[in-house]
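Using the numbering used here, the letters of the first sequence correspond one by one to residues 79 to 352.
Keep in mind that the hints are not guaranteed to be accurate.
[To be verified] In silico DSS-like cross-links for lysine-lysine, where the CA-CA straight-line distance does not exceed 27 Å: (1) K281 - K291; (2) K315 - K291; (3) K315 - K90; (4) K90 - K291; (5) K291 - K91; (6) K315 - K91; (7) K291 - K242.
If you're looking for bench data, these hints aren't it; they were derived computationally from the structure.
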Amino acid sequence: MNITMNDDFDLKKIAESGQCFRWEPLGRESWRIPFRDHCLRAARIGESTFELDCGEEEYERIWRGYFALDENYAAIRARIEERADPYLYRAAEIGRGIRILRQDLWETLVSFIISQNRNIPAIRRSVDLLCRSAGERRTDRAGEEYFSFPGPAAVAALSDGELKGCALGYRCEYVRAAAEHAVAGGLELSSFDGVSDEEAIEKLMRIRGVGLKVASCTVLFALHRLNVFPVDTRIRKALGLEYPDGFPDERYAPYRGVYQQYMFALGPPSRTRS
DNA sequence: AGGCAGGCTTTTA
DNA sequence: TAAAAGCCTGCC
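Sequences are here, hints too, so could you generate the full structure?
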């Protein structure tokens, strides 16, 4: 089926935004997008027109929520005043088209545990190795092969050697701790119902190897708490340079996480010095 | 109590 | 060689 999307929706920017590590480029404007037990091939075929290799029913049931197409990003960007905050305005222009996805909780948690102290290409590589080691070999609707993201039990069943083979380094024990936590039922989505953002972050931080940054990314990208503002090295530098008195939290609530993502999209500070 | 230094695996630039 | 979407431990 085809869809037209007039609000922000740039697949390339989302694919490179650093929130998902498993979108696979199939062409210049086309990606394979795995999510839980589903897999979508999506391509931009016109200015605001996209071809999805699924039907209406699956689109409504799975993908509309995954892409969070109900949110109005033009309105979220419009809250930034160019004169009052030229830095964030520029970041939002660069990042225009990015949406915060609703990703799988377990996959997001593991992906961001893996992300610590590494750059994005290295994260992708380890996630891919993990999928090949413990995931299932599957074919998408075009008949092409891909690997699913392994569930907690499959990861927990890996030997130390197999986990180490995913180039996880010292994060091996963290990934294993997360798998055991999930197998024990600690990642049920329902257990986060009615839980505040701060409490959700605290719950995840009880897992060994999950600190404030990893927990924040997981809550933002999987629980879709758009006001959560992860601070990594890149954002920390940007905050120091652009917001010496602190980021104006009240002004940008309840979408601080979206603005953080625009700031991240600007790239490393060294590349953005004017 | 809360902050800070050092160490940790491996890849990337 | 430094830095990378950090976290843990030990020390003060």
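Structure-based check of all given hints:
At roughly 13 Å between alpha-carbon atoms, K281 and K291 fall within 27 Å of each other, so this suggested pair holds. A threshold of 27 Å between alpha carbons decides the hint, and for K315 with K291 the separation of about 15 Å falls inside it, so the pair holds. Distance restraint check for K315 and K90: the Cα-Cα separation of roughly 25 Å lies within the 27 Å cut-off, and the hinted pair is therefore satisfied. For the hint linking K90 to K291, the alpha-carbon distance of about 25 Å falls within 27 Å, and the restraint holds.
This hinted pair checks out: K291 and K91 have alpha carbons roughly 22 Å apart, not beyond 27 Å. A distance of roughly 22 Å separates the Cα atoms of K315 and K91; the hinted pair therefore holds under the 27 Å criterion. For a cut-off of 27 Å, the pair hint linking K291 to K242 stands: about 23 Å separates their Cα positions.
This entry satisfies every hint, going by the numbered hints stated previously.
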